[in-house]
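Chemist: Each chain, written out:
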Amino acid sequence: MSLIRKPLNRRSILRASAVGGAALATPTVFTSRAWSAGYLNEPTGSTVTLGFNVPQTGPYADEGADELRAYQLAVEHLNGGGDGGMMGTFSSKALKGNGILGKKVEYVTGDTQTKSDAARASAKSMIEKDGAIMITGGSSSGVAVAVQALCQEAGVIFMAGLTHSNDTTGKDKRANGFRHFFNSYMSGAALAPVLKNAYGDDRKAYHLTADYNWGYTTEQAVRESTEALGWETVETVKTPLAATDFSAYITPVLQSDADVLVLNHYGGNMVNSLTNAVQFGLRDKLVNGKQFEIIVPLYSRLMAKGAGENVKGIFGSTNWHWSLQDEGSKAFVKSFGQKYGFPPSQAAHTTYVQALLYADACERAGTFNPCGVVEALEGFEFDGLGNGKTLYRAEDHQCFKDVLVVKGKENPSSEFDLLEIVEVTPAEQVTYDPNHPQMAGGQLGTCNPGV
Amino acid sequence: MDAILLQILNGLDKGSAYALIALGLTLIFGTLGVVNFAHGALFMIGAFCAVTLSRLLSLSFTTIDPERTDFLGNPLKVETPYVEAWFGPETGAAIIDWSVPLAILFSIPIMALVGLFMERGLIKYFYKRPHADQILVTFGLAIVLQEIIKYFYGANPIPTPAPDAFAGSLDFGVLIGLDPNLIIYPYWRIVYFVFAMAIIGAVFAFLQFTTFGMVVRAGMADRQTVGLLGINIDKRFTFMFALAAVVAGLAGVMYAPINSPNYHMGMDFLVLSFVVVVVGGMGSLPGAVLAGFLLGILESFASMAQVVALLPGINQIIIYLVAIVILLTRPRGLMGRKGVMES
Amino acid sequence: MLGLNKKDAYLFLLVLALVVFAPFLLNPFPENSELAQFNAGYPDLMQRFLIFGIFAIGFNILFGLTGYLSFGHAAFLGVGSYAGVWMMKLLTMNVIPAIFMSVVFAGLFSLLVGYISLRRSGIYFSILTLAFAQMSFSLAYSVLTPITNGETGLQLALDDPRVLGVSQVDGSIPQANLFGIPMRESFELSLGGWLFTFNAGYYLCAVVMMVAFYVAVRIFRSPFGMMLRAVKSNQQRMNFTGLNSKPYTLAAFVISGMYAGLAGGLMVAMDPLAGAERMQWTASGEVVLMTILGGAGTLIGPVLGAGFIKYCENIFSKINDNILYGWFSGLPEGLADALVFVIHPFIGKGWHLTLGIMFMLIVIFLPGGIMEGLERIGRLFKRKPPSEDNAAAQASAAPAE
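Protein chains in written order, with the numbering used here: chain A, 1 to 451; chain B, 452 to 794; chain C, 795 to 1195.
These aren't lab readings, by the way, just hints derived from the structure by calculation.
None of these values were measured; they are calculated from a predicted model.
Where a beta carbon is used, it is the ideal one built from N, C-alpha and C, also for glycine.
Check the hints yourself; a few may be wrong.
Said to hold, decoys possible - Straight line, CA to CA, 30 Å or less: simulated DSS-like cross-link-like pairs of lysine-lysine:
{"no.": "1", "chain 1": "A", "residue 1": "Lys334", "chain 2": "B", "residue 2": "Lys528"}
{"no.": "2", "chain 1": "A", "residue 1": "Lys171", "chain 2": "A", "residue 2": "Lys334"}
{"no.": "3", "chain 1": "C", "residue 1": "Lys883", "chain 2": "A", "residue 2": "Lys171"}
To be verified - Simulated coverage check for chain B against chain A, where a stretch passes if three residues somewhere in it have a Cβ under 8 Å from a Cβ of chain A:
{"no.": "4", "region": "521 to 527"}
{"no.": "5", "region": "636 to 647"}
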């Protein structure tokens, strides 16, 4: 079935005809019937176009900028430029540095504005106007879910960027969508044992949760995995996403009996709530004879920078960190650092990896056809991309790999050296059943090639 | 009891920020009759004055330390701030530490100039234009200002801590004989509140007790008559615009340690401060201050877990709900005059 | 013609021609030229031009005629969108019920908001509408998640009931259609280096927009429209003559709310997802900007304003440094670098800056919006003094305070 009936790859056809000096004045009407085989936006010329859809305005613009840098680096490496980065350490050797399937990689960029509507508009223009065969990027779960659904309807592949909500590969999963980034459940599962070691199994937790989808899944994940250890959840309070000053939410914490504060916040919310909590002296207090502690389930280096001194000693989890010492991470940090002068963020890492994985899947499938790519990625096991052995699970298109538990560094040696890795939680420990209650509902459906 | 006291304290603090911005908005509206959508941007520029000064003070020269290496394995570049080299490490570090209070002095001339340029370069051409045009042009200006800041400082929040002397918090509960830890309040927020009260007091005293202020108040009441009396009211109004910019800027400078400044913080405050101004009554200075504190405190109360449990989502909408109720029961806000912005 | 006077009939035909031939007009550059970046003739953007055009036309019925400046119209668009998606989830993928229910729900909601807000005037009215819209947005984003799906946005799923249709086709969600014609269906015409796309959804939007435009013209010229103008010029005097103006303003408010709902319904028909950000105050502000930029109180101005803003948003944000280097590839390297350096802040992530500067320039130099600009250009060629009509248009272009 077709959702967009349009001729495949008219750009390259037009280019080819212009070069060949074909009869330019002859009007040609393309309809879907004239181009029966193939799939949407099939590249027939010498190039293939990818769409990089990242937040360029709004609160996540800096992460978006870092994602774009990583994509540009990935394109350079795919086309055979630079030092090849992680292509050298990647366990699959299908990529040869001659583009994808011999076609030179070109790209278009767009602005998601971190709004579902704008992100879809931008993705649609890439698909309809620029003939993009794959859309990737984004820095929030709402946008990821919205664009993923669009790509499913239109019939192109979506490689998610930074999106941490369970729903992206849970109840809102789609056959054409893939996520490399980890999720709320994994954060909870990885953090819990470390927290037990550090703070004991008799703790009373108070949750402050950003009042939107990602906040809910993260709160649930952390609550369930800490309660399984024996912690008690005293109170969970939702905070408006638009809140900038969290004092009214922080002060009641000490009046409760809690001795741990979990901040299910990200981005500006996290920076402000953590800063407020530290200002109110929460970490200097003794409650129930124990030192009061704060936990931030999802860390990002860019956000840690915004919170400054306040992150010191605070536990959280992260998808990847530049200080990892495996060959893949070292190669990536080196080529990114040499090109841009500073180490990459986790957003940059996940997007670079996603671009490589997509290219590799096309090579192995021998086609750009989304259904072929889906088949090549489903159940694909690989290594050497910075997270150790990784599996792209067929049931929900989620990557399963090691998760990093990190802590704000006490004595940073540079402005980038803000987090230290406390533990690398092995993949088995964060793997869950595809029908886990936190992921319940939703169906993958079937892949859609758009024709 | 202690929970209520606590939320009043929290509200006073948030209220101070609302009141300071609303005060400036009302000064501009009352004197010039201009609806200034760029006022949030002035608040934001104030906060970035603090960021800029702390960056200027930490300007550093680079030496290479061959002993240590950076993330790529090259020799580490060590940055030493000039002030530390000039005044010795301790005095230098103290100067950097105090950059936010120092930024008060730094920001006054800057904000005054920004205000002056805005009024002379743009706003003055809009006195006779409809309010919708004023809103549109100042809104455009606000976008341009925040994009310029974003271009230079990025989109992420920039931590701008208060001096170490103000770190930590006061156990307010112990002072009034309650158990420890029940009511704690960071020192810097107390400073912010006191500072806001001082600024508000100064503005009112200035308007009340100086000849200049008297003329301005007369001009607010009846601009034409004052003009007919041969007084150059325009010049004074320009001054008032600069003053309003300084008030918004100072509110921003002092707010920087509370929430790390980012480029869109002005827009975040803009809509709320408009609601504050209207609830207080367009053109009424005491109304703006009163409404600022009132809404700040109500917002704090609405975010108490007990209240939210009773009325889910109330913390999201309380300000707007209060605005609707007040506007329906008191047509011109709390202290508004007849005939302002109606016709 | 159709009960329009001669001038309006010409305008109507002009708009009709523009809309029908938009796929040609918006793609003026050959597909493989560097300037193809500026082509706007792809389905999504063309649909958006018309949908936001409808939204702005409706807003103009309230603001342009009565002078009541609503800062909450995005809420009606949002409510309409949610109603539309729910119809597609529960009933059928045919877009007619979705669009119809969008209009109904937006109308009911605007009746409620209008009834309360219209008790006040001036800026107090604006703040009341703003407050209602912000409350709707905040609640839709958080507490109402079961109905709105919060941040993620309400979207279709494979297990939706769709009692009059099918839940899924071969493991895919069925597509939005009009009695079997899919909204995404397009065919393309290639003429030399040019490529033109004709999209079914776009032409549905076009039909709806022409009807909406026709209704707006009739309202502008009707006794009801005169009454609304009277509200704007002097409500007090009107009240003194014994006329109660409230039913008229409320009717205008509800009509413009229904236009917003219609726009929301069409948006959903073209792309079945409803996000809460649609209701945020910035979205309400956007339609105000569109109307004023285009020329408030003029018939066609708001549509031009809508097109202008959507064009900036979708075209400028996609230009990146690579494309710039492509344009300047013929120049010496140093010069190209310098040009890219100068232009860089205004494109891609800087498109907000470009938009802000353009706003300011238009407001400063063209108080009557784009329409005034066109008129001035027209006058240059005609070299005759402005007719009374123009003067009237200008007078009504000045919004009330």
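Chemist: Now tell me if each hint is right for this structure.
Modeler: The hints, checked one at a time:
Simply put, A/Lys334 and B/Lys528 have alpha-carbon atoms about 17 Å apart, close enough for the 30 Å limit, and the pair holds. Taking the CA atoms of A/Lys171 and A/Lys334, the gap is about 38 Å. The hint is violated against a cut of 30 Å. Pair hint C/Lys883 plus A/Lys171 holds up; C-alpha atoms about 16 Å apart against a cutoff of 30 Å. Restraint check on the region 521 to 527 of chain B versus chain A: 4 residues with Cβ-Cβ distances below 8 Å, three needed, restraint holds.
Counting residues of the region 636 to 647 of chain B whose C-beta lies closer than 8 Å to any C-beta of chain A gives 4; at least three are required, and the coverage claim holds.
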